[in-house]
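> Letter by letter, the chains look like this.
Number of protein chains: 2
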Amino acid sequence: MGLLEIARLIIEKDNIAVVTHVAPDGDAVGCTLAMVEGLRSLGKNAVVISRDRAPDNLTFLKLYDEYTGTSPKIPKEAGLLIALDCGNLDRLSLDLDSVGTVPVINIDHHMSNDMYGIENHVDTKASATAEIVYRLLGLMGVTITKSIAESLYAGIVADCGSFSFESTTGETHIIAKELMETGIDFPMIHRILFKTRDFARLKLMGKALQSLEERMDGFVTFMYLNAEDFNSLSISDRDSGDIVNYGLESKTCDVSVLLKEAEGFFRVSIRTKSLLDARAICEAFGGGGHVRAAGGNIKAADVEDAKRQILMIVERMLPDGRCD
Amino acid sequence: MGLLEIARLIIEKDNIAVVTHVAPDGDAVGCTLAMVEGLRSLGKNAVVISRDRAPDNLTFLKLYDEYTGTSPKIPKEAGLLIALDCGNLDRLSLDLDSVGTVPVINIDHHMSNDMYGIENHVDTKASATAEIVYRLLGLMGVTITKSIAESLYAGIVADCGSFSFESTTGETHIIAKELMETGIDFPMIHRILFKTRDFARLKLMGKALQSLEERMDGFVTFMYLNAEDFNSLSISDRDSGDIVNYGLESKTCDVSVLLKEAEGFFRVSIRTKSLLDARAICEAFGGGGHVRAAGGNIKAADVEDAKRQILMIVERMLPDGRCD
Numbered sequence: 001m002g003l004l005e006i007a008r009l010i011i012e013k014d015n016i017a018v019v020t021h022v023a024p025d026g027d028a029v030g031c032t033l034a035m036v037e038g039l040r041s042l043g044k045n046a047v048v049i050s051r052d053r054a055p056d057n058l059t060f061l062k063l064y065d066e067y068t069g070t071s072p073k074i075p076k077e078a079g080l081l082i083a084l085d086c087g088n089l090d091r092l093s094l095d096l097d098s099v100g101t102v103p104v105i106n107i108d109h110h111m112s113n114d115m116y117g118i119e120n121h122v123d124t125k126a127s128a129t130a131e132i133v134y135r136l137l138g139l140m141g142v143t144i145t146k147s148i149a150e151s152l153y154a155g156i157v158a159d160c161g162s163f164s165f166e167s168t169t170g171e172t173h174i175i176a177k178e179l180m181e182t183g184i185d186f187p188m189i190h191r192i193l194f195k196t197r198d199f200a201r202l203k204l205m206g207k208a209l210q211s212l213e214e215r216m217d218g219f220v221t222f223m224y225l226n227a228e229d230f231n232s233l234s235i236s237d238r239d240s241g242d243i244v245n246y247g248l249e250s251k252t253c254d255v256s257v258l259l260k261e262a263e264g265f266f267r268v269s270i271r272t273k274s275l276l277d278a279r280a281i282c283e284a285f286g287g288g289g290h291v292r293a294a295g296g297n298i299k300a301a302d303v304e305d306a307k308r309q310i311l312m313i314v315e316r317m318l319p320d321g322r323c324d
Numbered sequence: 001m002g003l004l005e006i007a008r009l010i011i012e013k014d015n016i017a018v019v020t021h022v023a024p025d026g027d028a029v030g031c032t033l034a035m036v037e038g039l040r041s042l043g044k045n046a047v048v049i050s051r052d053r054a055p056d057n058l059t060f061l062k063l064y065d066e067y068t069g070t071s072p073k074i075p076k077e078a079g080l081l082i083a084l085d086c087g088n089l090d091r092l093s094l095d096l097d098s099v100g101t102v103p104v105i106n107i108d109h110h111m112s113n114d115m116y117g118i119e120n121h122v123d124t125k126a127s128a129t130a131e132i133v134y135r136l137l138g139l140m141g142v143t144i145t146k147s148i149a150e151s152l153y154a155g156i157v158a159d160c161g162s163f164s165f166e167s168t169t170g171e172t173h174i175i176a177k178e179l180m181e182t183g184i185d186f187p188m189i190h191r192i193l194f195k196t197r198d199f200a201r202l203k204l205m206g207k208a209l210q211s212l213e214e215r216m217d218g219f220v221t222f223m224y225l226n227a228e229d230f231n232s233l234s235i236s237d238r239d240s241g242d243i244v245n246y247g248l249e250s251k252t253c254d255v256s257v258l259l260k261e262a263e264g265f266f267r268v269s270i271r272t273k274s275l276l277d278a279r280a281i282c283e284a285f286g287g288g289g290h291v292r293a294a295g296g297n298i299k300a301a302d303v304e305d306a307k308r309q310i311l312m313i314v315e316r317m318l319p320d321g322r323c324d
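One line per chain: the protein sequences are E and L, in this order.
Going by UniProt numbering, the first sequence opens with residue 1, and the numbers climb by one from there.
Going by UniProt numbering, the second sequence opens with residue 1, and the numbers climb by one from there.
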């Protein structure tokens, strides 16, 4: 359905719930909060539905406190559920039982969208769902205030990697310009999204980079973090964030591998630059993921054994049988 | 002088030399090569003047090989010198003697420009000189080819930090959109400019981050690299690049300090986030620089003594006498 028809449908309703996907990221939270704020500016009763917490670096968004992760049920009075940035019903951050007969409008930019709404608007050319929401709010007659613009700008730059990903279009830049004109502190948003870490995570990055080694003439890099690295920094979730990306910064590297010690196995994160398929590498030991980012668990006697196994997989995939 | 008049002046000439500042960065090289390529497309004889090498990560630019650092003299037949992105005559990357009576057109975006040209166009609102050159080439009737667009796009994103710096404007985004429409591989440009390092420099970053420590409740962070850190990685120039910026990523940090062991003293690099003036801190021990980025050499018995001295300066600068 076209965006103008979607706008008309929404405007007819007074009580509207808005939801996004589980494990919400910058785009998910940004476009959800912008939509709720926009609906309220039109005098509507709008609520955020969520059963997951928003990332805590987004506290600067005006309605952040309403994204609590503790409101998974759609209120009885709701006449419409707007689902944003989510490819299928099962991944919505809510209690599915509470949807009942409430009509769902599905607005998304992901290729793999199940078209689960009573009406669907899936624009795969948009770099972020926040781009679509920006256009939609305009069609609904919402004035884009500074706080709405902050939510949308955060969503867009989070999803397009500060205009560096292939998904960025001319339209992305036009919208960025229009959002900037509301007076948002966009350098602050970039700093918070891309240049802010916990002290402990910076130290963890140091430990990982210290372990960095090249194999196959630098085509593959390995980093390794053991249990003690996490324990000594009191990082309990074993989350290594974007550290694996740094291996890829090495000029010659096409395959960056981060290994994390676990109980009887190793967790593997792989990123590839342009030649090899990260998912195919990981599927070879039972993992999965995407072409450029994948992972899984590997059984190995020790970390050197894990590296050997991965190198063998990589060598098999190279057409010219390149080796160390 | 307005840009249209500048365009008219340039179009009258047939032999044109183009130069930028010493220690050229992405914007300097990008706008210089774009200008030369644009002039040639109009049938003019245009040459790059340089006595410094261009950064070697810019080899992807079509005319990179003409930026040799070995052509510091303006040819006798030149009827015009276009000086780009350079605030004063002394910083031009050429033999000043060779300028003689050749008229100089000075095109720049720096606040501190001496207006040294016979004609000057200094637009401090432009995020990069490449922005101005883009507009100028358009006024001269140059078709923006893909290779010209690559040079200009590289210049712009290098100078505006991928659209994150305060200097970014709506105009920056509009130009980015127009350049993208020529079909440039902009994700590659971002990757080369912001996500590519030598393997040894990644290891050096690991060493620095390993040494990271917080003081004054995390308000100040210190990193330290000794001579052995550089020697073991065969990094002879003692260049630590952007490593000092990583200290600033810590949430609580306002002052990031990187200390490098030298012969009888320590080299200091300081970055500040928002509260303190990095230059003022460095001036207190004889250094200098800018508000957010400064440096200098400090005499100290050992690295702990250097840290103590810097902490004392920082504490003096805090209005509330905050301390460790």
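Treat the hints as calculated values from the structure; they're not laboratory data.
Bear in mind that the values here come from a model prediction, so they are computed numbers and not experimental data.
Hints are not guaranteed to be accurate.
Each pair may be met inside one copy or between any two copies, as identical chains are not told apart.
As the list claims (entries may be wrong) - With a Cα cut of at most 20 Å, we get these calculated SDA-like pairs of lysine to any residue:
| hint | residue 1 | residue 2 |
| --- | --- | --- |
| 1 | K195 | E214 |
| 2 | K76 | F199 |
| 3 | K125 | R51 |
| 4 | K195 | S240 |
| 5 | K76 | G288 |
> Can you give me the call for K125 and R51, within, between, both or neither, at a CA distance of at most 20 Å?
neither (29 Å within a copy, 45 Å between copies)
> If the cutoff is 20 Å on CA atoms, where do K195 and S240 land: within, between, both or neither? Let me know, please.
both (16 Å within a copy, 18 Å between copies)
> Within a copy, between copies, both or neither: where do K76 and G288 come within 20 Å Cα-Cα?
neither (40 Å within a copy, 64 Å between copies)
> Can you give me the call for K195 and E214, within, between, both or neither, at a CA distance of at most 20 Å?
For K195 and E214, only the inter-copy Cα distance (17 Å) is at most 20 Å; the intra-copy one is 26 Å.
> Taking 20 Å as the upper bound on the Cα-Cα distance, should K76 and F199 be classified as within, between, both, or neither?
neither (44 Å within a copy, 58 Å between copies)
The structure does not agree with the numbered hints 2, 3 and 5 stated previously, though it agrees with the rest.
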